[in-house]
Amino acid sequence: MRSYFTLFRHASALALTFLLLGLARGEDELKNPFAGDPAAAIEGKRLFLKMGCYACHGHEAEGAVGPDLTDDEWIYKPTDSMIFNTIAKGRRGTVMAPFGDQLTPDEIWRIVEFLRDKNRQRHLKQQ
Amino acid sequence: MKVRIARDLFRGASGVLLALPFALAAHQGFAQGVTDDMLLNAHKESDNWRMVGRDYMSTRFSPLNQVSTKTVKRLVPKWTFSFGVLDAQNTTPLIHNGVMYVTASHGRTFAVNARTGSMIWQYNHPLPEDAGKNMCCDIGNRGAALYGDKVFVSTPDAHVVALDMKTGKPVWDVTLSDYKNAYSMTVAPLVAKGKVIVGLSGAEYPTRLFIEALDANTGQQVWRRYTIPAPGEPGSETWGSDPDNLKFGGASAWITGSYDPALNTLYWATGNPNPDWDGVGREGDNLYSNSTLALDPDTGAIKFHFQYTPHDVWDFDGVNEHILADLGGQKVWLHGDRNGFLYSIDRTNGKFVYGKAISKVNWATGFTPEGRPIVNPEKVPSYTYEAKDICPASEGGKWWNPMSYSPAKQMVFVPSREICTDIKSAKGDRVEGKPHWGIGSIKWNKGHGQLVAFDAKSGNKKWTVDAPSPFMSGVLTTGGGLVFAGTPEGEFKAYDQDTGKELWSYQTGSGIVGSPVTYFIDGKQYVAVPSGFGGWTGWATIGGGGAPQLKDSRKGGYVTVFGLFDE
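Line by line, the protein sequences give chains G and X.
Our numbering puts the first residue of the first sequence at 1, with every later residue one more than the last.
Our numbering puts the first residue of the second sequence at 1, with every later residue one more than the last.
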């Protein structure tokens, strides 16, 4: 009996550890399903222009009223989740409004891929 | 027990008596509201700054001279007030009887003790969380208006709100249009003849914009003047054959007008037609875009107009302010336009007096005798032609930041820039609530800034001060012989009016994109300036940019007040 109880205790501790690790990784949990997809980047640019993002961020996302979205400077860690959530929910206290009511998740991911691709191109030019 | 009660009563009474002067001091500004007489005679007194242009002529000139060319080196900061928000601080603070009324970004308005900087009240307009989505140029505000016992502000979601001057509580709140379709406001209202007058923003979107007058007591509409005629009205024939152009042609009105009580005329200017850079499909002059409308303030009827840039394809918003001046016996308005010219126009009839280049201008080669620009076809972009090196760029030889006029010297001081642009147009989709610019490609070419002084009567330049970046602040001139202006790098500077020599500078910590004012309390002159970089800044960085050094400029949100150092 004592050995089963000990086993149960160890199993519970292990389960709790995995749960906490999972919660800690919540910020990174969302991953772009279109990562590295050139067709998605092209469609993402079309959506970027269609939604009027260029009015604040410039036609090539290089920045205007809003910040440059092609460089490595971000206020928060530029995870896929962070960028997705910023487009979907906006950013409180700033001019960045939510677009989640006008774009499907897949459309938002394509815009994320457009921005990632712009950043890759920027790095290639600098090499 | 009786002794204790008596002692306690004495202590209580003493406390009240000690507190009373402070309470009275804090509220003395509220003892008397702002009257018609005060507004009509604003130019004759010097203690206060009761409307954004200081007076109905929009001179932004104060007779105060305690801070002068001789004493300005002793100017030091006295207090700073933080708005608690970032983004564009485009405001002009107002001062009435010792209280500063100042607006900030994100729908904030404050009443502040103008001597000490302590806050009296704060109003946060309850903005919808997507309010900034359809604003082209940031979520700033250009200032309040004062009348009676109320403070009037416009909001990003197209409201006009009247606040109780003592408490900051809303008295009335009127919605003028639908912000979701990009109708918004940043304008500082003007109060004249008991009416609160505002103009709408949104010409980068398919909109039909307007100027509106509201009863100051009730908020009831008195009149609305659309800036684009309705079908069949005079001017409607200047928008090509597509009837939708009259519904969605833009022509915003986001800069405060001026008022001549003797002529009973309100002068209010309008902005670009939509789409900004694509003239295909809207053939004609596109009235009344890029025009000054001389309006009857009682009815909003158009008495006459003057159009600065007909059939605009460069985004030369004609909205800028009017300085009303009497020069050599002629009543004129002075207007520094986005198209690069300083105009003098007869304000009794709208006749052209002169148009003088503020900056390099090559999109026009001159004027007809009536003041119509003669367009240079090499600088007209199209779907197939990229026009190169168009000067000035869209933000103009003078952007929206107000100039100032010294009546004593008959000189006007213009915040300016030398930046040119390459543009190719393209057909865009016209969708309500979405930007509609008509841009194929655009790049701004590296340039610089300048502060330019003109003789107002002749339009001749007197001096020019160059700067690395465009002057993005308004200008203040004073009876002390000074010109104050701020830079996007955050420097607040004082220059000699006669020579342009820089006499003083102070680094405020964030770009200055609002306007300075000056006032007088208890024997001391104060100079106040808001700081907080923001606004439309694409011109600085897109395609290389006109001022790439301004990329990622640090934001801020506060007002700094200066006074002379006391020995």
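None of these hints come from the bench; they were simulated from the model.
Treat the hints with caution; some may be incorrect.
[Unchecked claim] Coverage of chain X stretches by chain G, computed from C-beta distances (three or more under 8 angstroms per stretch; other residues unrestricted):
#1 186–200
#2 244–255
#3 522–536
[Stated by the list, open to error] Ranges between beta-carbon positions, derived for each pair:
#4 Ser82(X) with Glu73(G): 22 to 30 angstroms
#5 Gln410(X) with Gln127(G): 39 to 47 angstroms
#6 Gln126(G) with Asp346(X): 52 to 60 angstroms
#7 Lys180(X) with Trp74(G): 53 to 61 angstroms
#8 Thr348(X) with Asp72(G): 57 to 65 angstroms
#9 Tyr76(G) with Pro548(X): 56 to 64 angstroms
#10 Thr35(X) with Tyr76(G): 24 to 32 angstroms
#11 Thr384(X) with Pro105(G): 37 to 45 angstroms
#12 Glu73(G) with Phe565(X): 45 to 53 angstroms
#13 Arg91(G) with Gly281(X): 53 to 61 angstroms
If you're wondering where the values come from, they're calculated on a predicted model, not measured in any experiment.
For every residue, glycine included, the Cβ atom is placed at its ideal position computed from N, Cα and C.
So, going through the hints one by one against the coordinates:
1. 186–200: violated (count 0)
2. 244–255: violated (count 0)
3. 522–536: Satisfied; 3 residues make the cut.
4. Ser82(X) with Glu73(G): 22 to 30 angstroms: This hint holds: roughly 25 angstroms between Cβ atoms.
5. Gln410(X) with Gln127(G): 39 to 47 angstroms: 59 angstroms, violated
6. Gln126(G) with Asp346(X): 52 to 60 angstroms: Between glutamine 126(G) and aspartate 346(X), where Cβ atoms are some 57 angstroms apart, the hint holds.
7. Lys180(X) with Trp74(G): 53 to 61 angstroms: The hinted range 53 to 61 angstroms is violated for lysine 180(X) and tryptophan 74(G), with Cβ atoms some 29 angstroms apart.
8. Thr348(X) with Asp72(G): 57 to 65 angstroms: Since the Cβ atoms of threonine 348(X) and aspartate 72(G) sit about 59 angstroms apart, the hinted range of 57 to 65 angstroms holds.
9. Tyr76(G) with Pro548(X): 56 to 64 angstroms: 25 angstroms, violated
10. Thr35(X) with Tyr76(G): 24 to 32 angstroms: With Cβ atoms ~51 angstroms apart, the hint is violated.
11. Thr384(X) with Pro105(G): 37 to 45 angstroms: 39 angstroms, holds
12. Glu73(G) with Phe565(X): 45 to 53 angstroms: Since the Cβ atoms of glutamate 73(G) and phenylalanine 565(X) sit about 40 angstroms apart, the hinted range of 45 to 53 angstroms is violated.
13. Arg91(G) with Gly281(X): 53 to 61 angstroms: 37 angstroms, violated
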